[in-house]
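*Asks:* Based on the sequences and whatever the hints tell you, model everything.
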Amino acid sequence: MVKNSLIFIVLIGFAVLLADLFVGFNGNTDLNTLANHYAVSGPEEVGSANLVTAVVVTYRGLDTLGEVTILFLAAAIVSFLLKVEAGASRNRKLRSTSEILDTASKILVPVIFLFGIYVFINGHLSPGGGFQGGAIIASGLVLMLLAQPAKEVGHKLITLVESISGISFVLIGVAGVLFAAGFLDNKLLSLGKFGTIFSAGVIPVIYIFVGLKVGAELSGIITNLQENQNEA
Amino acid sequence: MKEDFKKRTVISPEGKPIEIDPLKDYFSDAKPKVYKPGNPVIEKFANWARANSLWVLGFGTGCGAIEMRPLMTPRFDAYRYGIQWRPTPRQASVFVVSGYLSVKTLKRVVRTYEQMQNPKFVIALGSCTINGGMYWDSYNTINRLDQYMPVDVYIAGCMPRPESLLAGFEKLKTIIKEGRGEGANTYAEKFDWYKANQKKIIKDWDMPDYNW
Amino acid sequence: MENLNLEIITLITGIILVLIGIWGLLTQKNLIKIVIGFTLFNTGIHIIMVSIGYVKNRTAPIIDQSVNINDVGNSVVDPVPQALVLTAIVIGLGVTALMLTYVLKMYQKRKSLEINNYNDLKW
Amino acid sequence: MVGPIYIIAIALGTAFSLGFFKKANSNFSFAFMLFAMAFMTFISGQWLYAFLTQQQETIQIFTAGFKPPFSISLQMGLHESVFLSLINIIGLLAAIYLYDQLREKGVQMMMIFVLLFMGLNVVIMTRDIFNLFVFLEIASIATAGLIILDKSINATSAGFKYIIATAIISGILLIGIIAIYYFAGSLFINDIIKLNLIYVKGGAVAVFLVLIAIILELKPFPANGWALDVYEAAHPGIGAVISAASASAGIFVLAKILPIVGDPGYYIIGLIGIITFLGSNLLGLKQDKANRLLGYSSIGQIGLLLTIIGLTPYLGDKTLFIAFGVLISHALAKAGLFWLAGIINSEQIKGWAAIRRNPHLLVLMGTFIFALVGFPPFPSFFAKWELIMQLANNDKILWLALILIGSFIEGIYLFRWFGYAIKGENEDLPEFKIQWNKIIPVIVSALGLYAIGYYYSTLTGLAANLNYIPLLFIIFLYAIDFLPVYIKNTISIAGIGYYLYITFPDLEEFRLIFALIFLVGGIIILLAGYAKKGRRSGFYPLVMMMFAGLIGLIEANTTLEFFFAWEIMTIGSYFLIIRGKKSMTHALSYMLFSVGGAYLILAGFGLAHIGQSSYSLDILANVQSYAPIIFTLLAIGFMTKTASIGLHIWLPGAHAEAESDVSPMVSAILLKAGVFGLIVLMLKMGAQSFGSFDIYYALAWIGAITAVMGNMMAAFQEDAKRLLAYSSIGFLGYALFGLALMSHLGWLAAVSLSVVHFMFKTLLFLAIGGVVMRVKTKEMYKMGGLIKKMPFTFISVLMGIIVIAGVPPLTGFGGKWILYNAVLEKGWFLPAGAIFFAGIIAFLYCFRLIHAIFLGQLKDEHREVKEAPFWMLLPQYIILAVIMLFSAIPNSLLKPIGEAIMPYFSEGALEWQGNLAISNFGYWNGELIMYIVGGIFVVVFGWLWFMNRNAQEVKQFNIGYSAERPSLPETTHFAYNFFAPYKKALGFLVSPIISDFWEAVSEGIHAIADKIRRIYDGNAQTYVLHIIAFIVIFYLIAFGGSYGI
Amino acid sequence: MEFKNIGYALLTIFIVLNYGLILQGVVRKIGARVGRRYGIRWYQPYIDIIKNYAKRSTITHGVMFYIAPVFRLTGGIGLLLFMPVIFGSDIFGNFSFAGDLVLVLYFQFFGILGMALGAAESGHPYSAIGISRGLSQVTSFELPLTLGVLAVAMQYQTLNITEIVAAQQGGFMNWTIITNPFAAIAMLIAFLGAMGRSPFDVVLAPQEIPIGPPTEFQSGLLGVLQLNRAIFPAAKLILFMNLLFGGATNWAELILKTFLIYMWPVFVGTVFPRFRVDQSIRWFLTVPLIIGIIAIILI
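Just so you know, the protein sequences line up as chains H, X, E, C and V, in that order. All residue numbers for the first sequence refer to the numbering used here, where the first residue is 1 and numbers rise by one. All residue numbers for the second sequence refer to the numbering used here, where the first residue is 10001 and numbers rise by one. All residue numbers for the third sequence refer to the numbering used here, where the first residue is 20001 and numbers rise by one. All residue numbers for the fourth sequence refer to the numbering used here, where the first residue is 30001 and numbers rise by one. All residue numbers for the fifth sequence refer to the numbering used here, where the first residue is 40001 and numbers rise by one.
In case anyone wonders, no lab produced these hints; they're calculated from the structure. It is possible that some hints are incorrect.
[Said to hold, decoys possible] Lysine-lysine pairs mimicking DSS-like chemistry, simulated, CA-CA at most 27 Å apart: (1) LYS30289/C <-> LYS30532/C; (2) LYS31011/C <-> LYS20122/E; (3) LYS30289/C <-> LYS20122/E; (4) LYS30955/C <-> LYS31011/C.
*Replies:* Shown next as structure tokens:
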């Protein structure tokens, strides 16, 4: 009880701190210079209709690379930690799933995958992007694994996709240094016509790799967790 | 023999065993020497000094010891004759054997006598030292002291009074001045005889022949 | 109460979520619940971030039919916090996944979800 | 040049590509990873090289083809390149070290490892605050991954705590960053700096949140329980990375965002830093697990760094120098120690005793420990020096004191640990293997410490004059350690001799006198070394280190040189002392008193520098302020070496347990270093007083009480060497008293007593050493009657004690006579009474020494003991000859000393008429006395011999024993508790009040540490609570009441 | 220093030796008379010494045992010769030009130390016990003595004994005991200890530890010690006479003064019983020490 009251007091202190931080916040009425630059010059400089994508992939491309790396790291750690030791018994007790789920999943999963791909290919035009698309792909995988728990997902395939797309991302970045103005420079490819699918320089390419990579990483995490579900 | 005087083996700091024979290693086994009197003139002077500086060993061997204490009191005041008491045989010149001697005491008396330096004198006090006195047939006292060491003066009585003691000292002085107080040399000369007598009566002989 | 705009409401919601998250994190004894506490905390932060980037009466920063291409600067909200929150969400996802994995591993080893059973290392 | 961006590209490319490799190719994948690490190191190294040598300008790297603030930019400058190089080298070494683990655990771990370093690299280079956050997260997550390397339950739960804690911290950071974005409208650090956000309502809180989050990443006390658990549970190879690499990066980040906060930030950082430094080291005291101890120490060092950063306003342009010095020492040493921990593989610090199965490992460990504590020649030494100087110059006395206290506490547990390693029981400890890949990183980091230390010393113009030749000689001796002892001994003697030969012409006055004591004394004592057989591994470098320090003291012209030499000497003597049997605790207390004393000296020098630009020792003569305090600090510092009362408890054990030829070195020579220090101090500073209270009068009393107590305790000792050790304490009391008189005669007495003390203490320690060597015990009552077995040794002891006792005609009397005259001149009679009382008490132990050992009853076991070896006797007789010379011709000793004193104290000098010394009060003709006494002696002896030439030689039991006989020598030898009546009457004076006092202090501190460390209860929630509370508390401190930091 | 000095020195030794022996005899006689005895003859000490030299056999325990009496006698003679015995006399100034008061004070220990060494070599535990007691006691009375000496030296601004004596000339009102009473009292109490008479004679407890340190000495060795027992106390008396009682300008004055000074420990000894060593240490370090400190403070 003493401890809880202590926690409470500390939290009140923290709340005061946050209140102090935001006490002057009164909503924005205008964009600041930075945002205004992105909004005004973004379409022209980057060629992406989705300004968030422009910021994410180009202006702050390094962040994205780091972000992907974090997912990659998380996947690697999960896979390392949950790696089922070779030779350990793998006879998991699995409940059989219903026919409906099984059938539905067979129909839905390709569609979900397709939708995911659509989302990351159109990342520079519409809401969405590599992360969102990757997550959608991974959700398809979840459905598949729910429907067919016994299904073995090829780790090798996941790893391969993950690695290739990751390396490609890096190579694009390096190519920017070599052939354009800097690391992850968007103007490696021509900006194309604003608002079309082949526009916005390398953004779609990067987003494709990001999508694949995120999909693969999330899938990796999911399959690893799933394979461990009855190990406990 | 006392356990401590038996041979033993100890380990040296280097770890080597060392054989210890206490009687040989810790006690000198030299024989006493005869010291012939030197130049007669000097000797006469020396004897005068010896006679007038009698340092008595304060060793109460028997019941006669009780009679020696009064000598130091104002009543008898032996100091005025040059008689003083010394607590150690090393520095004393007169050994007063005060009364009967049990065999056990004899051993100590012999040892003490031998630790005194030449010349040394023995006064035997009381009848018991002469012939055993009332203890002549006792199972554990000796009868005649002069079988075990040379005696210069006997003072008879049971007990002799302090006055007799003073008389005895006076007698000793005369003997010394006449140059007859050579008990120490006698002991050295007839050492084997004395030792044989001592060993005959002292069964547990566990010391070197001469106690320096 | 005219100050009580959308962004203020969301901001306060975010702050409350943060506090609730921390409270849960600190008081719950079940490892899974602690992780949930963390996700609440994290979500609260994301909401705060989005609130900060909101500009009154504007639309999402995507140039489509609803946005005049020549007046983008006056019709969209700030894209930067949105970009940042995207990154933050992904990072939060990675961290949450890791937490759950660690919890899973701990549970496998010791068959307990009670946090007090995991304080062998101390002092 | 290869652009810094390629560090990212290479690291990421490698990490992503590693997925292609299968487990079977683990060697190849490891090589691949290692190559990447090497390449990253290469890139950062070449930049560092360019910055250092080619005046390379700092460059900005823009990404995405846009300029900041629109895009993320990186920066590469000198500081970045230093940190990158440091981190990447540690990473490379850590990778080599983890060869087995990484290969075994598979490619995932390699990926994580590479990515950790990529994250750290970017964190250092980036100039975007959100990018900073992202890559900090990468580093945290990668660390969390590395922690679970062995998948044990402890590692996993530590990893969980780590993730929870860092997630909370990064959440806070994120709030701060977004708020900063809100207030600044930019994420580019350079822009944010310009805006001075702390003056904006709310902006200050935002900045505070970022700052506190970064600080929390550095694990400040007490919000750091999770980090300690990690250090304890993680593989040592990982611990090294966290402690060395991650922390370095964290420090850099802090420095990077600090301009955003501006000046008020320094205060908070300094406060947190000093709390962390003190708190963490304090809790480390109670720690007995090696890895956790290293954790406490790491955090402590980070605390020190925070303090330094916090003190930037006062340190000025020296900040970088200081911070780099501390950081590099910390990083390399801590990494090295963690790596060693992995080799030794022992949980408890006691288990480190196993390390000495390989002496080279011990050398490495010693290198790291000494580097951490801040001994020369390591960078931390110079950094600490500069830090103290600057603090003192800015009048930051409290900070100075706190930093020194913290360093001292750190020294306690580090040296305790080191003591276990050198001296602990290692019989039952498990074996350990040394693999090539594990030892290489350790060696490299040790060599790096030396190299950087040397480089560092060249950075300060001041240190450029340091004399490294003796140190090179030490290295040479270490290299030839495999040779037999007589060769090394000869080389050492030759080395000292040659050094004396080349320096002799430059020396004068006191320097000459003490140089002769130190060096000639060293040669004489080393002669005894020929008696040893075998290799005597490790001995000679240590001896030479002590002598190097001593000669350095003599040659020192600046305060830095003096302190450098002082510390070198301390190291050497510490090792010499700890070589003895059962000397672990004594060596520790020696070291603690030395370190404490050294810090006082350091503080004193620091204060003396206030307002003076020069670093010459002469500054002591022109002290601007605090003069009495400076004097007191320095005097106490020096008195720890002279073992004055209260500071003496280290000495008896240390000297008594040392080897037979080390005891004279530490007792006869080393203590003189303190005397020399006091001489320098008093000459430079002159009379000092607190108000009307004369410090010298206090010193005189201290000297007198030391003399009485030392001698009295000596009289009650059963252990021969301990007796001599206490006697040294007493004698140095005389010396202190003499010096405190501040007159010609007082100094003449003090210096001549020092010389004489050197001689007889060498003599006695060697003689007793020889005896102990033969009889294998130090308890005097177990000896006895050795005069017949060791007559030559007996003669030297006899002469030695006559000198100690100050009985005419030997030379000890000269000192007493001068002292009497000096006292009469000065008029301090009460302490003088105590001094002379002490002189008489010296009789007691002198007699006891010679009686219990050489006279009395010879024991059974010693009946076949041999005389001490020739090489032990030779130095004794050389000294004996000198003593006889000085006794017969006193002015051969006193005149040169008098001349040395003349320039400083000319009043009341002795007038010499041949060998007749005339003072204002009396006169003394040593030569004549010698003849007279000798003449009487010879006549009486001849007569007695003639009289008793035929005396019968008897044996030991032939004594008048009340008609009985002794039975055993043991029961006949009266030696145990020899001065029982004295003890009955005055024993209360020597009740161990002082040791009790120090013990109580020590136990009290340990108890406090034990109570406080209970806050780390192992529960992740508690740790998070600590973090939040920490934030709230410092929020309240920073904003308390008024608005704005 | 010339050879005639040696002759003068021998003369001094001869006179003091005889004086010492007679003093010994006379004092014992006085002691006997106090006890209403007739007592020894006044020349008994001579006879004892001759007797001991006339002993024909001697034993020795080793080299140190053998030379201990030499040390002892050298200490006694040295102490005597380093002092000016008769003030103003070249002949009896002896070797006082070699050293001052400090030399004399420290030279006392020469004999003590040597004796202790020799006695210890006999291996006799009683010797060792006696030495332990003796040294302990010496250290304790040395402290008031030192303070007194410092006070006296400070009073006269010199350590030169001749000068100290010179300063006291011209009537007894100039004697240190009048001009500096506290120092004198401290020194005189210490003197009790230095003379080793009752109540401070447990060192030589005749029956408990048969006369302590010299218990193993006999014959000629004992004779040498007896010589010293004559010279050493006489020398100490002369020292105290010089320091406190104005010295002596001729032998008659010397004999009178030293005899009277000697009565001080004699009478105290006749009246007081023995102290144990720890008791005497405590006593010396309280009463006389305080007096000594007062003396120092009053300078």
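*Asks:* For each hint, tell me whether it holds in the structure or not.
*Replies:* Each hint tested on the structure:
Distance hint between LYS30289/C and LYS30532/C is unfulfilled; the C-alpha atoms sit about 38 Å from each other, more than 27 Å. For the suggested pair LYS31011/C and LYS20122/E, the alpha carbons sit about 13 Å apart, so the restraint of at most 27 Å is met. Taking the CA atoms of LYS30289/C and LYS20122/E, the gap is near 11 Å; set against the 27 Å cutoff, the hint holds. The straight-line distance between the Cα atoms of LYS30955/C and LYS31011/C is roughly 65 Å, outside the 27 Å bound, and the hint therefore fails.
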